[in-house]
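Protein chains in written order, with this note's numbering: chain R, 115 to 328; chain X, 115 to 328.
Hints should not be assumed to be uniformly reliable.
[To be verified] Below, a list of computed lysine-lysine pairs in the DSSO-like style, where the Cα atoms sit at most 27 angstroms apart: (1) R:318 <-> X:324; (2) X:278 <-> X:324; (3) R:318 <-> X:278; (4) X:273 <-> X:324.
These are calculated hints, taken from the structure and not from any lab test.
There are 2 protein chains.
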Amino acid sequence: LADVGFIGGTGPEGKGLAVRFAHAGLSVIIGSRSAERGAEAATEVAGIGGGNVTGGMNLDAAAADMIVVTVPYSGLADTLADLEEAIGEKIVVSAVVPLNFGGGRIGVIDTADGSAAQEIQRLLPRSSVVGAFQNLAAGHLLDVAHLVEGDVIVCSDDKEALAKVIELAQRIEGIRGVNGGPLAVSRFVEGVTALLVNINRVNKVEAAIKVVGV
Amino acid sequence: LADVGFIGGTGPEGKGLAVRFAHAGLSVIIGSRSAERGAEAATEVAGIGGGNVTGGMNLDAAAADMIVVTVPYSGLADTLADLEEAIGEKIVVSAVVPLNFGGGRIGVIDTADGSAAQEIQRLLPRSSVVGAFQNLAAGHLLDVAHLVEGDVIVCSDDKEALAKVIELAQRIEGIRGVNGGPLAVSRFVEGVTALLVNINRVNKVEAAIKVVGV
Chain R
115 LADVGFIGGT GPEGKGLAVR FAHAGLSVII GSRSAERGAE AATEVAGIGG
165 GNVTGGMNLD AAAADMIVVT VPYSGLADTL ADLEEAIGEK IVVSAVVPLN
215 FGGGRIGVID TADGSAAQEI QRLLPRSSVV GAFQNLAAGH LLDVAHLVEG
265 DVIVCSDDKE ALAKVIELAQ RIEGIRGVNG GPLAVSRFVE GVTALLVNIN
315 RVNKVEAAIK VVGV
Chain X
115 LADVGFIGGT GPEGKGLAVR FAHAGLSVII GSRSAERGAE AATEVAGIGG
165 GNVTGGMNLD AAAADMIVVT VPYSGLADTL ADLEEAIGEK IVVSAVVPLN
215 FGGGRIGVID TADGSAAQEI QRLLPRSSVV GAFQNLAAGH LLDVAHLVEG
265 DVIVCSDDKE ALAKVIELAQ RIEGIRGVNG GPLAVSRFVE GVTALLVNIN
315 RVNKVEAAIK VVGV
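Generate coordinates for the entire structure from the input sequences, incorporating the hints supplied.
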């Protein structure tokens with residue numbers, strides 16, 4: 115049984131976080147709709163940062179102790195509908211951001227639940243959903259020689275799960291977890307990703323944020 | 115003629131910014147619906163940080179070189195309707211955040227224009243609206259002995275106005291202005307205020323944000 119399972123872990127954000135968690139000594143399973151692509155991503159991730167990394171189907175990843183969702187927003191509802199039973203009452207971390215690149219502008223899709231994290235909580239009502247890791251640049255995560263800067267703001271209505279995800283975040287060297295309060299606050303954390311993507315575009319950088327005064 | 119005029123400047127955010135601008139050597143006029151309350155606020159501001167501070171009606175503040183709007187969101191439309199002619203084509207800085215404290219949660223009101231800054235642009239179509247200063251804690255601004263930490267993210271569709279407001283922000287010691295891109299990005303900067311208010315509440319702090327990697 116892996117420590118952390120990624121649902122939809124074959125994109126840059128999933129692989130980037132997997133690199134860092136595996137590098138920090140956690141065992142990781144990268145899930146995908148295709149077992150073959152899951153295994154390929156695992157080989158790639160282990161090649162970058164080493165550690166105990168396997169790949170498989172999303173259902174295999176759902177068996178891990180803690181689940182991290184890195185599915186693109188467009189596939190979220192379909193993917194999670196099939197996994198609710200396997201995930202059950204576990205801690206589920208939402209790193210999803212419903213970014214919208216329409217009309218040359220970078221924004222966030224207005225979702226019915228207020229945020230992707232709240233939508234995941236609706237889709238997985240028995241689980242303890244925690245919003246986190248939305249604001250870290252995948253490019254930096256994948257480059258293991260690069261010390262990742264930035265705070266991870268962690269939001270949940272389950273205080274015990276929130277504390278565990280702050281600990282998880284702090285397994286990554288250079289990262290601090292900051293208590294952001296209730297799950298509904300994820301809306302603004304997801305908005306920070308849209309803000310950072312805009313800042314990156316106009317300044318030609320790869321930025322992160324830190325909370326000062328905490 | 116003052117360098118900076120505050121529309122609705124008698125609240126903590128307006129007074130706090132006025133303290134810092136006056137302390138940095140800019141002349142400031144604090145506008146209010148009541149000339150008497152404007153004058154009282156000016157006396158208070160000058161007493162904290164010194165400098166050239168006067169008070170008056172919002173219409174007096176609208177005569178300044180650059181305008182900063184710090185009206186509570188609920189009074190925004192009514193206040194600006196009367197000032198459009200006086201403001202004309204000037205640079206108008208929106209520090210307004212439509213915070214919502216309903217139901218025990220701290221969020222942002224869903225406004226028709228997407229953000230307070232965009233609403234101000236609709237209300238003052240001839241002006242060059244710039245979103246800035248939404249994320250600085252008034253308590254810190256008012257305490258002139260306290261070095262204000264944090265970045266001011268500056269958004270506008272008018273690049274010249276954006277550059278001028280970055281310069282204005284950097285008149286405050288300790289503050290860096292960061293180009294946030296188009297005015298529509300203000301939506302996410304206003305969201306950061308809601309995020310910070312939540313972080314403040316759960317961690318019992320007065321936080322600010324910094325963008326790292328720029």
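Which earlier hints turn out false for this structure, listed by number in ascending order? none
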